[in-house]
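Enquirer: Quick note, the sequence shown lines up with residues 48 to 901 if you use this note's numbering.
Be a bit skeptical, because a hint or two may be false.
[To be verified] Dumping the calculated SDA-like pairs for lysine to any residue here, alpha-carbon to alpha-carbon at most 20 Å:
{"hint": "1", "residue 1": "K854", "residue 2": "L840"}
{"hint": "2", "residue 1": "K62", "residue 2": "T92"}
{"hint": "3", "residue 1": "K62", "residue 2": "A112"}
{"hint": "4", "residue 1": "K62", "residue 2": "P161"}
{"hint": "5", "residue 1": "K62", "residue 2": "V180"}
{"hint": "6", "residue 1": "K62", "residue 2": "V81"}
{"hint": "7", "residue 1": "K632", "residue 2": "T511"}
{"hint": "8", "residue 1": "K62", "residue 2": "L282"}
{"hint": "9", "residue 1": "K632", "residue 2": "L837"}
{"hint": "10", "residue 1": "K632", "residue 2": "L835"}
{"hint": "11", "residue 1": "K62", "residue 2": "R187"}
{"hint": "12", "residue 1": "K632", "residue 2": "R864"}
{"hint": "13", "residue 1": "K632", "residue 2": "G839"}
{"hint": "14", "residue 1": "K62", "residue 2": "E118"}
{"hint": "15", "residue 1": "K632", "residue 2": "A669"}
{"hint": "16", "residue 1": "K632", "residue 2": "E834"}
{"hint": "17", "residue 1": "K62", "residue 2": "A195"}
{"hint": "18", "residue 1": "K632", "residue 2": "V643"}
{"hint": "19", "residue 1": "K632", "residue 2": "K854"}
{"hint": "20", "residue 1": "K854", "residue 2": "R864"}
{"hint": "21", "residue 1": "K62", "residue 2": "V255"}
{"hint": "22", "residue 1": "K62", "residue 2": "G227"}
{"hint": "23", "residue 1": "K62", "residue 2": "P114"}
[To be verified] With beta-carbon atoms standing in for the labels, derived distance ranges:
{"hint": "24", "residue 1": "E552", "residue 2": "R751", "range": "25 to 35 Å"}
{"hint": "25", "residue 1": "D358", "residue 2": "S70", "range": "52 to 62 Å"}
{"hint": "26", "residue 1": "P119", "residue 2": "P251", "range": "34 to 44 Å"}
{"hint": "27", "residue 1": "T511", "residue 2": "L840", "range": "50 to 60 Å"}
{"hint": "28", "residue 1": "D254", "residue 2": "D136", "range": "20 to 30 Å"}
{"hint": "29", "residue 1": "R187", "residue 2": "P251", "range": "23 to 33 Å"}
{"hint": "30", "residue 1": "T841", "residue 2": "G707", "range": "43 to 53 Å"}
Honestly, the hints are just simulated from the structure, not real lab data. Glycine residues also receive a C-beta, built at the ideal position from the N, C-alpha and C atoms.
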Amino acid sequence: MIMNDLDAPGLTVDKGLQALLDSVAQDPIGPLAVGVAGPAGHGKTALLAELERVHQRAGIAVRTAAPEPDEPVDPDTVVLVDDAHLLDDARIEALLRLVAGRRHRLVVAHRPWPRSTAFSELVDALRRDGQAVLLTPFTREQTAAYLAATPQLGRPADLVDLVHTQTAGVPRDVERLARGLAGPDSRTGATVDPPRSVILEFGPDLDVQPTEVRRLLLAVAAGGALPVSMLGTLLGRDPAGVDELIATTRAAGLLGADGRLAPIVRRAVATLSPTTERTAVWRRLTELQLARGGAVLPLVRSLLAVGALGDCPPATLAAAADEALADEPAFAAELFAAATAAGGPPNARQALAAALAGDLDDALRLADRLLATAAPPDRSEAAVVAATALAHRGHVGRSVELFRWSGTASAAAFAIVGGLATGDLAATTESPAGDPAGEPPTLHASAARLMANGVRESVTGPPTAALSALVQAAALLEPDGRAALLPDSPAALAALTAVHCGELEIAERVLHRALGAGVGGPLMARRHRLLQAWILMVRGEIHAAGERLATVTLDGRQLESRDQLFAAAIRMGIGRRNSDLGALKRGWGQALEAVVRHPVDLFTVLPLGELAIAGARLGDLARLEPYLQQGRALLDRLGNPPLWSVPLHWSGLHAAILTGEPTVADEHVAALLAAAGHSRYAAVVAAAGESWVEVLRGVVDPIRVEATARGLHDTGLCWDGARLAGQAAIRTADRRAMTTLLECARALQGRPSGGPGAQTPTTGANTARVAGPTQHGLSDREYEVAELVLAGLTYREIGDRLFISAKTVEHHVARMRNRLNCANRTELLALLRTLVADRASDTAGQPWPQRASR
Numbered sequence: 048m049i050m051n052d053l054d055a056p057g058l059t060v061d062k063g064l065q066a067l068l069d070s071v072a073q074d075p076i077g078p079l080a081v082g083v084a085g086p087a088g089h090g091k092t093a094l095l096a097e098l099e100r101v102h103q104r105a106g107i108a109v110r111t112a113a114p115e116p117d118e119p120v121d122p123d124t125v126v127l128v129d130d131a132h133l134l135d136d137a138r139i140e141a142l143l144r145l146v147a148g149r150r151h152r153l154v155v156a157h158r159p160w161p162r163s164t165a166f167s168e169l170v171d172a173l174r175r176d177g178q179a180v181l182l183t184p185f186t187r188e189q190t191a192a193y194l195a196a197t198p199q200l201g202r203p204a205d206l207v208d209l210v211h212t213q214t215a216g217v218p219r220d221v222e223r224l225a226r227g228l229a230g231p232d233s234r235t236g237a238t239v240d241p242p243r244s245v246i247l248e249f250g251p252d253l254d255v256q257p258t259e260v261r262r263l264l265l266a267v268a269a270g271g272a273l274p275v276s277m278l279g280t281l282l283g284r285d286p287a288g289v290d291e292l293i294a295t296t297r298a299a300g301l302l303g304a305d306g307r308l309a310p311i312v313r314r315a316v317a318t319l320s321p322t323t324e325r326t327a328v329w330r331r332l333t334e335l336q337l338a339r340g341g342a343v344l345p346l347v348r349s350l351l352a353v354g355a356l357g358d359c360p361p362a363t364l365a366a367a368a369d370e371a372l373a374d375e376p377a378f379a380a381e382l383f384a385a386a387t388a389a390g391g392p393p394n395a396r397q398a399l400a401a402a403l404a405g406d407l408d409d410a411l412r413l414a415d416r417l418l419a420t421a422a423p424p425d426r427s428e429a430a431v432v433a434a435t436a437l438a439h440r441g442h443v444g445r446s447v448e449l450f451r452w453s454g455t456a457s458a459a460a461f462a463i464v465g466g467l468a469t470g471d472l473a474a475t476t477e478s479p480a481g482d483p484a485g486e487p488p489t490l491h492a493s494a495a496r497l498m499a500n501g502v503r504e505s506v507t508g509p510p511t512a513a514l515s516a517l518v519q520a521a522a523l524l525e526p527d528g529r530a531a532l533l534p535d536s537p538a539a540l541a542a543l544t545a546v547h548c549g550e551l552e553i554a555e556r557v558l559h560r561a562l563g564a565g566v567g568g569p570l571m572a573r574r575h576r577l578l579q580a581w582i583l584m585v586r587g588e589i590h591a592a593g594e595r596l597a598t599v600t601l602d603g604r605q606l607e608s609r610d611q612l613f614a615a616a617i618r619m620g621i622g623r624r625n626s627d628l629g630a631l632k633r634g635w636g637q638a639l640e641a642v643v644r645h646p647v648d649l650f651t652v653l654p655l656g657e658l659a660i661a662g663a664r665l666g667d668l669a670r671l672e673p674y675l676q677q678g679r680a681l682l683d684r685l686g687n688p689p690l691w692s693v694p695l696h697w698s699g700l701h702a703a704i705l706t707g708e709p710t711v712a713d714e715h716v717a718a719l720l721a722a723a724g725h726s727r728y729a730a731v732v733a734a735a736g737e738s739w740v741e742v743l744r745g746v747v748d749p750i751r752v753e754a755t756a757r758g759l760h761d762t763g764l765c766w767d768g769a770r771l772a773g774q775a776a777i778r779t780a781d782r783r784a785m786t787t788l789l790e791c792a793r794a795l796q797g798r799p800s801g802g803p804g805a806q807t808p809t810t811g812a813n814t815a816r817v818a819g820p821t822q823h824g825l826s827d828r829e830y831e832v833a834e835l836v837l838a839g840l841t842y843r844e845i846g847d848r849l850f851i852s853a854k855t856v857e858h859h860v861a862r863m864r865n866r867l868n869c870a871n872r873t874e875l876l877a878l879l880r881t882l883v884a885d886r887a888s889d890t891a892g893q894p895w896p897q898r899a900s901r
């Protein structure tokens, strides 16, 4: 609590001390024998000053010095002694006699160390015959109370956490920091650094310490857990001597009871210690820690913080880089570079760190140099780094060559994956074992083997076997995959396989786990987030997909070619699903550039298909046709595996619909039907494709269409399912069927049905609200109005454009909402996007010619 006197500064005390002060104030001549113990800066002097004021107000004489050995002391005088631990034995004996006589009132304040035999007797006597008080650091509440009594701080509540954390509650340091923050040159805030003026106040405290104590403080300030044996070697002391130094440092109020320095003290020690002394201690510490196999990264960070990294030995820097590799690959690359600059030999670990951090330019440069000059072990590792970087940049053929050349089991497995990605069917017969020369079956090697098996199964076997192997491979890397350098992650390939199987929940879970475990480091994090965005887009969660896509480039680094291709396809897919023709036009150039930059491979068939639909929507599919031919040729070389070919035929069907090519659409439907037995997903999209072309030909079986649309929804193609139902709705002349299908489309898009009294799609719908639909559900004028509403124009602007009044525009919108059974404007706009897009895809508004046979 706070005690405020007219002539005394505020004193913050706990309940025990407050009870002592209250007792003395109520009975100033009562018995008083108190020993007050606490490190420097914990308030001993302030407490004695408060006791002195209390007695003086009561008219009682106060003595503030210890008596001489034979000096008489008036029993009516209160004896207040500070820093009793510094007294010689003779004066301590004099105080001991006063305690033993029980006639004198006295309070003795002291540090917990040093303690001579005579002084220990005095402390024991005060505890036995009087009261022992131990001063401790402020609690957070006491810190808040102290700051609240400092009006210059303005809003002390905002600073409580800062001050308490920086000072660890040591009252002296709380006072210093509060005074500094209240000064005219200080910036107050929750993240402000302590002002330099406050740091300088620690100078005298440090200067009076013995050399060994200052060296101990520097060792602790370096960070990390330091065993007594290592401190003994550093300080030239045996374990008992180290314990004595620690006790001295704690008594000085500089070292906490937990053996740590408060942040403000650590900063003061690092800043105010002589440079030569600081560098010598920290360099020696790194050498000792490295020799005993301990962690050196915290020590190296401390050297870096004060600009002394150049004095660190290369071996220590390399060891610290290895420790940082998994969690901070970019920092590890910097440390490896510093080790080389300090005279260490170049090694492939620096290239590995750069690749894990996503800096493929540096990784390739370093790896290529090592391939030409390094010893065999480093050359092999450099080959793996170069192969991985090239895979991310689309040079899969060269990547496969380097993986095979490196000779490790993991690299052999990655070579199989790359070979299959480029359409090399012979890779299915290769063994992933390689020539490991006794290489242990680590988690990384086992995951690579499973990854190769999974991709092989995706081409030659059932989808369940492929998905199982890839999910298992992803799980193997989760415990320790942050430093795993991967040309592609098993989680990403498992997600792709799951998307091709219609198992989006499995894809989501495996990506979530991979991101949580940091598998593949920052290099793979983008790939995983892009696939998450893809899944959201396919589900129809367009806004969430856009948000997830935005997180991919938050670090400001340019996307590699594979990631750029997926990002471009996602942007175009979002624009298409939003019926945003402007966004499609703006993004088409970048999408084509992404296709040119990354050669077609098995794992980019999916985005290529999405871009084909966008190109058809823009009337520019011809520019993409050469790459689509490459994709089809690649699949032909692999025997047209249904897992990979079905999605491309599904995309091709929709591109053919948009370009008005019924024959091409029929060919894609035939291919889908031929693959229908491969998986549930293949069967669903085959039925949907057949139903879609029938709808375009004017044959609408509402029961069949609804069943097919719901099948698409259940396999994760939520947006496509809703769109199929919407297309069927605007192409039927049966009002009841139209309403049922619109309700189905609305439900599949996750929106409620059309308002109170509206029935579910399976039981019929309220047809009273449907007023005279045309062949397409809306009149031509209403379609014009809808397109301009979706473009964001106001009613007045639409009226000016169409030469009608704003009131008439409002009437059209109300009529559309009523006709389409929409409960609110948001629902109307979402449905209009689908209807407008569907009308744009309907070639000149004419039905397709009937097929000769089914």
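Enquirer: Flag every earlier hint the structure violates by its number, smallest first.
Expert: 3, 4, 7, 8, 12, 14, 19, 21, 22, 23 and 30
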